[in-house]
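Protein chains in written order, with the working numbering: chain B, 136 to 235; chain V, 136 to 235; chain A, 136 to 235; chain U, 24 to 341; chain R, 24 to 341; chain P, 24 to 341.
These are computed hints drawn from the structure, not numbers from a lab.
DSS-like, lysine-lysine: derived pairs with alpha carbons at most 25 Å apart:
id, chain 1, residue 1, chain 2, residue 2
1, A, Lys192, P, Lys49
2, V, Lys178, B, Lys140
3, R, Lys247, B, Lys166
4, U, Lys109, A, Lys178
5, V, Lys166, V, Lys192
6, V, Lys166, V, Lys140
7, V, Lys178, R, Lys247
8, U, Lys247, A, Lys178
9, R, Lys109, V, Lys178
10, B, Lys140, B, Lys192
Cβ-Cβ distance ranges computed for the label pairs, FRET-style:
id, chain 1, residue 1, chain 2, residue 2, range
11, U, His210, R, Thr77, 35 to 43 Å
12, P, Leu86, R, Ala94, 53 to 61 Å
13, B, Pro215, R, Ile328, 51 to 59 Å
14, P, Leu87, B, Lys208, 43 to 51 Å
15, A, Ser181, R, Tyr335, 50 to 58 Å
16, U, Lys247, V, Val200, 28 to 36 Å
17, U, Lys187, P, Ile90, 47 to 55 Å
18, R, Gly250, U, Leu28, 50 to 58 Å
From a predicted model like this one, the values you see are computed outputs, not experimental measurements. Each residue gets a CB set at the ideal place from its N, CA and C atoms; glycine is no exception.
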Amino acid sequence: MQLSKLKLVTIIADDSLRHLLEEHITELGAKGYTVSHVEGKGKTGSRDSAWSGENVKIETIVPDVVCDRIISKIANQFFPSYAVIVYISDVEVLRSTHFR
Amino acid sequence: MQLSKLKLVTIIADDSLRHLLEEHITELGAKGYTVSHVEGKGKTGSRDSAWSGENVKIETIVPDVVCDRIISKIANQFFPSYAVIVYISDVEVLRSTHFR
Amino acid sequence: MQLSKLKLVTIIADDSLRHLLEEHITELGAKGYTVSHVEGKGKTGSRDSAWSGENVKIETIVPDVVCDRIISKIANQFFPSYAVIVYISDVEVLRSTHFR
Amino acid sequence: MTSLLSPMVLSFGLGMIAARLRSDLKFPDSLYTSLTIYLMVAIGMKGGYKLSVTPLPEIIVPLLAAIALSAVIPLWCYWLSRRVGKFDRYNAAALAAHYGSVSAVTFSAALAFQDTLNISHEGFMPGLLAIMEIPAILIAIGLTRMSRSNGESESVVPLREILKELLVGKGSVLLVGFLAIGFVSGHHGWEQVSPLFDMPFKGVLTLFLLEAGLVAGRKISDLKQRGFFLIAFGILMPIAHAALGIWLGKLAGLSQGGAAILGILAASASYIAAPAACRVALPEANPSYYLTSSLAVTFPFNLAIGIPLYHYMASVIF
Amino acid sequence: MTSLLSPMVLSFGLGMIAARLRSDLKFPDSLYTSLTIYLMVAIGMKGGYKLSVTPLPEIIVPLLAAIALSAVIPLWCYWLSRRVGKFDRYNAAALAAHYGSVSAVTFSAALAFQDTLNISHEGFMPGLLAIMEIPAILIAIGLTRMSRSNGESESVVPLREILKELLVGKGSVLLVGFLAIGFVSGHHGWEQVSPLFDMPFKGVLTLFLLEAGLVAGRKISDLKQRGFFLIAFGILMPIAHAALGIWLGKLAGLSQGGAAILGILAASASYIAAPAACRVALPEANPSYYLTSSLAVTFPFNLAIGIPLYHYMASVIF
Amino acid sequence: MTSLLSPMVLSFGLGMIAARLRSDLKFPDSLYTSLTIYLMVAIGMKGGYKLSVTPLPEIIVPLLAAIALSAVIPLWCYWLSRRVGKFDRYNAAALAAHYGSVSAVTFSAALAFQDTLNISHEGFMPGLLAIMEIPAILIAIGLTRMSRSNGESESVVPLREILKELLVGKGSVLLVGFLAIGFVSGHHGWEQVSPLFDMPFKGVLTLFLLEAGLVAGRKISDLKQRGFFLIAFGILMPIAHAALGIWLGKLAGLSQGGAAILGILAASASYIAAPAACRVALPEANPSYYLTSSLAVTFPFNLAIGIPLYHYMASVIF
Ligand SMILES: Nc1ncnc2c1ncn2[C@@H]1O[C@H](COP(=O)(O)O)[C@@H](O)[C@H]1O
Ligand SMILES: Nc1ncnc2c1ncn2[C@@H]1O[C@H](COP(=O)(O)O)[C@@H](O)[C@H]1O
Ligand SMILES: Nc1ncnc2c1ncn2[C@@H]1O[C@H](COP(=O)(O)O)[C@@H](O)[C@H]1O
Ligand code: NA
Ligand code: NA
Ligand code: NA
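Chain B on its own, in the form it takes in the complex (with noise of 0.2 Å):
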C-alpha cells in the first residue's frame, strides 16, 4: 500500500464564515473539504446554540504548498477581526492525486 505524507488543515469559525472560507480554501488549491456542525467555547465566550451563533468545523486535506497558503490567507484576512482557529496535522493517505 503506497501511503503519502500530507497536511490536515482544521479550521474552526462560526457557522456565518462558512461560505468565505470554503470559497478561499478552493481557490487556494485545496481539492476538497469536509465540514461537521459543533459547539465550542473560547476567549470570546460560549458559542453552542442557534440564538448565539453555532461553529463549524472545516477539515481539508492537501500538500504541504496548498498548506501555507490557506493558513496565510486566514492569518491575514480572518484573525484582525474574526474569532478563526486553525490548527495543522500531519497525516498519510492512500491514493494522493486525489488531494492534488
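Given the coordinates of chain B, assemble chains V, A, U, R and P with the ligands onto it according to the supplied hints.
Leaving out everything else, chains V, A, U, R and P with the ligands in the frame of chain B:
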C-alpha cells in the same frame, strides 16, 4: 502516565455505506469506532443535505496491523466504485489494552 | 508564518458527562474547546440514539503541561467507572498565545 | 380489543416489526426530543386546565400514596434482582430505579385509552406522574452506595448533585411547570393552545410510539442474556404494582379512573429520567439489562395488554 | 389555474426563487426527514381508512397494471438515455430507475388537487404508490449488471441485498404499514388521529414544497451539462407515461380519478428511494444528472402543469 | 392582567426559571429553527390572506413611516450607547442595529394579544415587519465604517454584500414571499392551510417562548457587565420608540390597532437578523452586550409589560 502509540484511521464516505464499513472494520479487528455526521465537497460534488446524501466520518483507533488491514480492504473494495477517502494519523492513548 | 507545536487532546464520553468534563478541562488550564455530537460503539455497546444515550467528542488544544494534567485527571476520576476514551495528537498552530 | 387495534398500539407494533426486518426507517434524534417535549407540555397543560375548571379535589392523600409507591417499589425490585435475578448491585439498582420510576408515554397512552372510552380521572394526575419520577431513582442509587465495600473506587457524582439534577430535569420542569401554567391560565388559556396540545395529541402519540417500537425492536435481541428473568420480571412486577397502585388509589379516595391511572403509573417503567440518571450515577450498570426490560418488555406489555387489564382490575377492586 | 395559484405550488416557486437569489433560508435536515415521515404516514393512514369504510373494490387488476408500468418504463428510459442522451450505462440506469419509480410528494400534491376539486379515487392508491416504488429500481440496476463486460470491477453490493433493503426501506414500511393500520383501526382509529394526519396535511405539504423548491432551485445550475436532453426527457417522458398510465388504469377498471392518479404515479420521478439506492448500487452514476432531472425538471413540471394536464387527459380518455 | 397570565407569557417565564435553576431542558436546534420558519410563514400567509379579502387600504404612507422609524432609531441608539453607555463604536453600532431592527416573535405575541382581545389591524402589517428588519442594520454598520480611522484593519465583508445577504435573508424571504402567496391564493388558499398556520399558532408560540425563555434565562448572568446601562437602555428606549411609533402610525392613517402594532415593532429589538449580521459584519462587537440586552431585557419587558402598555398608550394617543 503510560502512553502508547496507536493509529487513528479516519474514513469519510456516503452515509449509505456506514453499516457496511462498520461491519468491515469490526471484522478486521477494531474494538470500537466513533461516527460523526458531516457534509463535504470533493471530486464527486457537494454532499450536504438529505436530498443529495450526506457523509459520515468514521474514526477508529487501532494497532498498526489492524490499520493496514482496514486500509487495504477499503482500497480494494471501495475505491474502485465509491467516493471514499481514508487517512491515518498517529495518536497516543492511555490504556492501550482498550484498543487491542 | 510562525507555527508552534501543541497537543490536541480528544475525549469521547457520554453526553451526560459533558458539563463535568468541560469544567475540569477549563480548570486545568485549557483556554477553549470544541464539542461535537457523535455516535459510537465500543466495549460498552452501541451509543447511537437519544434512547441509549449519545457521545460527545471534546477537543481541546493545549500546551504539554495542561495536556498531562487533563489526561491524569481523566484517568483517575473517570476511567474507573465511566466509558471514556482519550487520545492525544500533535498539532501546529498559528498564534500559540491563543491557547496558553 | 378496540385498544389493541388503536392506531397507537398498532403503530408501536409496526415499529417493532420494521426494526426486526432491519428497516432503515429511523427518526431524527431531534424529532424524538421534540415529540417528548410536546407530550409532556400537553399532559401538563391539560391537567392544569382540568384542575382550574373543577372544584379542587383532595390531593394530599393521593400524593402521599404516590410517593409511598415509588419509595417501596424499588426496595423489592432491588431485592428480587439480586436474589432471584443474580444481578450485581449496580444492575439491580438500575432495575429498581426504572421500575420504581414512571413512564410519561405509558401515561399518555392511558389518557388516550380513557379518553376513547369516556372514563374520567382527577386533573392532578400529571402531578402524580411528576412526583413519582424521582424518589425511586434516588432510593435505588442510595441502595448501591450503602452496600458498597469500603475500599471500592466510586463514581464522581455525589447523591445530592443527582437529586438536584433530577429535580430540575426536563421531565419535572415541563410537567410541573405546565401543570401550573394550565391551572393559572385556565379555560381562556386552554382555548388558545388546545388546537396544538389537545386535538393532535393522539396523532403525535402514534408517531412517538412508532419510534418507540423501532427502538424496542432493536433492543429485543439483547434479551438473549438473562432474557428469562427479565421477561418474567418485566411482566409480573407491573401486574403486581398495578394491583397495589389501584388498591392504594382507592384507599386514597381516588375515582375508579384515577385509581386505574395510579395503578398504571406504578406498573410503568421509566425510560427517560431513569436511564439518564443511571448513565451518570450507575455507569457500571449495563443498559442492555435495564433499558431492554423497560423498553422491550414492560412498555409493550403495558401498552397492549396492561392498560386494558389494569382497568379491568380496577373495576373488580372498586 | 386555481391549481397554479394554490399555496402548495406557489410555495415551491418561492423556494426556487429564494435558492436562485442565494438566500440563506435552509430547512434543518431533521425537519425535512420529519416532514417526509409525516407525509407517508398520513397518506398511508388515510388510504387505509378509506378502504375500511368503502366496499373493497377490485384491486388485483390495478395492482398488476401498476407493476407492469414500473417494469416497462425503465426499459425505454434506459434505451433512450443510452441512444439519444449518449449517457454511459450507469447514468442511463440511474435515470431509468428514477423515472420508473414514483414520487410520494407528487402523489400528495395530486391528492390535494383532487381534494380541492372534489374528485374521488380508490382508497388503495397509496398501495399502488408503495408497489411502484421498487421494481423499476431493481430492473434498472439489473440492466447495468447484465451489460457489463467481464473484466470490470463491480460494486460490492449484490442485487438481492439491494432488493432486501428496498423492501424494508422507509417508504415501503410507512406506506404499507399505515395502510394496514388505517384499515384495521377503521373509522374509530381515523377519528383519533385525523386532527394530525388529515387537517394540517396541505399545510405540511406547503412547507415541504418550500424546501423542495429550495433544493430544486440550487440544482438548476447543474443543467448546464446535457441540459437540453435532460429537460426534454424530463418533460416529454412524464407526459407519455401519464397517458399510458391513465389508459392502463381505465382498462384495469379504475375510476376516472383513480386512473388520473395512476397516470400521475407513472409520470412522477422518484427522489427518495431511487437516489438512495443509486448511491449504493450505482455509485458510478452522477447525481447531477439523475437528481437534477428528477427534482429540478420533472417535479416542478408535474406539480405546476402536469397534474392539471393529466386530469384533462383523463377526462378525454374516459 | 389576562395578558400576563396567558400561556405564552407564562411559558416564557417558565423557561427563564428553568434556565436559572440550570435545568437540562433544551430544545434541539432544529426544533428552534423549525418553529422560527413556522412563525414567519404563518404570519406572512395570514397577512396576505387578510389583504386579499379586505379592500386594499392605503399602504404607502405607513410604509414610509415604518422606514423612517427604522432609519432614525439607530442614530440616537448609537449616539446614546457611545456617550452614555461608553461603548466603543462596534458595540454601539451593534446595539443600534438591534434596536432599530424588529422582532418577529414580539410581533407574533402582539398578534396573539390583539386576537384575544378582538382588536383588529391592517393586513399589511407583516409587510411593515419585513421592511423594518433591514434598514437599521445597514445604517448601524455604515455608522461604524464612516467613523473608522484610516489605518485600521477592517472586516472582510463589504457593505453591499451585507445588504444583498439581508435582502435575501430568511426573514425577508419568508415574510414577503408568504405575504404574496397568501394574497394571491386568497380565501381558497387560506382555507387549505389554515389548519396548520392559523389554529395551532398560539400553541406553537407558547413552545417557542419556552425556548426563548430558556435562552434569555441563561443570558441574564451576562448582565453583570454594564448591566445598569443595558437594563435602563433596554426598557426606556422601547417605551420611547413605541410612543413615537404609535404617533407616527396615527399620522400615517393607521387604525388604532395598526398604530399599536407599529409602536410595538418600533419598540422591539431584533434577535434573528441583527445578531446574524453583526457576527459577520461587526465581529468585534461582543454578543454579551447586544444579545443580552435584546433577549434578556427588552424581549421579556415587551412581552409581559410592553404589549399591554403600548396598547394603553395607543388608546390615549387616539
Ligand atoms: N484551545 C482550544 N481548543 C479547541 N478549540 C478551541 C480552543 N480555543 C478556541 N476553540 C474553538 O474556537 C472557537 C473560537 O475561539 P475563540 O476565538 O477563543 O472564542 C471556540 O468557540 C472553539 O470552538
Ligand atoms: N481534500 C479533502 N479534504 C478533506 N475531505 C475531503 C477531501 N476530498 C474529499 N473529501 C471528503 O470526501 C468526500 C468524497 O470525496 P470525493 O470522492 O472527492 O467526492 C467529500 O464529500 C468530502 O467530505
Ligand atoms: N477503538 C476506538 N476507536 C474510536 N472510538 C472508540 C474506540 N473504542 C471506543 N470508542 C468510542 O468510545 C466510546 C466508549 O467506548 P467503550 O468504553 O469501549 O464502550 C464508544 O461509544 C466510541 O464512541
Ligand atoms: Na413504576
Ligand atoms: Na414514474
Ligand atoms: Na425596533
